[in-house]
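Undergrad: Sequence:
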Amino acid sequence: MESSEPPQPPIDTAKFDEIRSLVAAEFTVEEGFMEFNTPTFYVAAQPNLKQAFLRVYQKLDSMQFVPVLRKRENRITLQVVPKPPVKPNRPWVNLLLLAATIGTTLLTGYLLSEGSPDPLIGAVLFSAALLSILAAHEMGHKLTANRHRMEATYPYFIPGIPPFFPTFGAVIQQKSLPPNKDALFDLGISGPLVGFFVTIIVTVMGVQMSVLLPEPPAGSVFLPTPLLFDLLSFLFPPPGSGAVLLVHPVALAGYIGMIVTMLNLLPVGQFDGGHVAHVLLGERSRTVVSIVAMVLMLFISWPMAIIALLISRIRHPAPLDDVSKLSAGRKLAAIALVVIFVLSVAPVAPLF
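If you count by the numbering used here, then the sequence shown holds residues 6 to 357, one letter each, in order.
Each statement offered as a hint is correct.
In silico DSSO-like cross-links for lysine-lysine, where the CA-CA straight-line distance does not exceed 27 Å: (1) K20 with K88; (2) K92 with K180; (3) K180 with K55; (4) K330 with K76; (5) K88 with K76; (6) K55 with K330; (7) K88 with K55; (8) K64 with K88; (9) K330 with K180; (10) K180 with K76; (11) K336 with K147; (12) K147 with K330; (13) K180 with K64.
Please keep in mind that the hints were generated in silico from the structure rather than gathered at the bench.
Hey, can you work out the whole structure from these sequences and the hints?
TA: Right under this line is the structure:
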């Protein structure tokens, strides 16, 4: 099957010499040659490898080239490839999906608010609360991508099927590879951190709108609650008395936010947790951790386990610089993701 992309024009001697001079300004070049029309350089290891690569990355960007740093037979290899074309964004698709998701979340909120004095208000509050969590999560990714000079779309919201699946979340499409492991880690951690912060605010507000009852109403459905939900309910107790919490739709939006956060933090494939695992663990360790995570998900929610299995089959791309190490501060920050994951896990989640 032939490639749909036109072949790259050959790089002449003058262009190769220009690229070599640019690389030699930041690295000690041990050997330089053309390999399948690709400028290739063996460079020496150096303390400022990460910073040197970023400077080369920024300079080559204006020339429409991209550097790729790898280890080949214990030698550090830097190859310079043409910058792939980036397809233009189609904002009308984002807006159309957002409108559809607003519709499905409004309908879900209305159905959840039936029997209340004004179900329309409940519908609007539920939709606004849930979309705020999803938007905060994805904008955390988007702003991080912009900070690291990575091409990415605005969020695509995914409408669901009311009332049990009001939305399947939101995603941004990453159009270029992260420059190094730090950038990939930041991309993975930013969404869950920002979304988790908004989830806490939404849940506290929702719990205050909920009410404690001595007995459950007829036809009630009981949900297993994550540790975070129980903790916030204890710290910010709802009005009323009794052992049964009649959950307001806003509190349910916070609950869904916790489940979505937990799912995203699975150390699997293209999940946010997969991004973090890719830069923290070796290939064998990542495989073991992914398998363990999917087995544990069977005891939490089998539909989530199936989703994780499907996503795990997508190979995770490496950053452009896959040689330099992750910064020490980021390794410590990974502990925060483990804590967030534990706080967001519900023992059993039959609705999800």
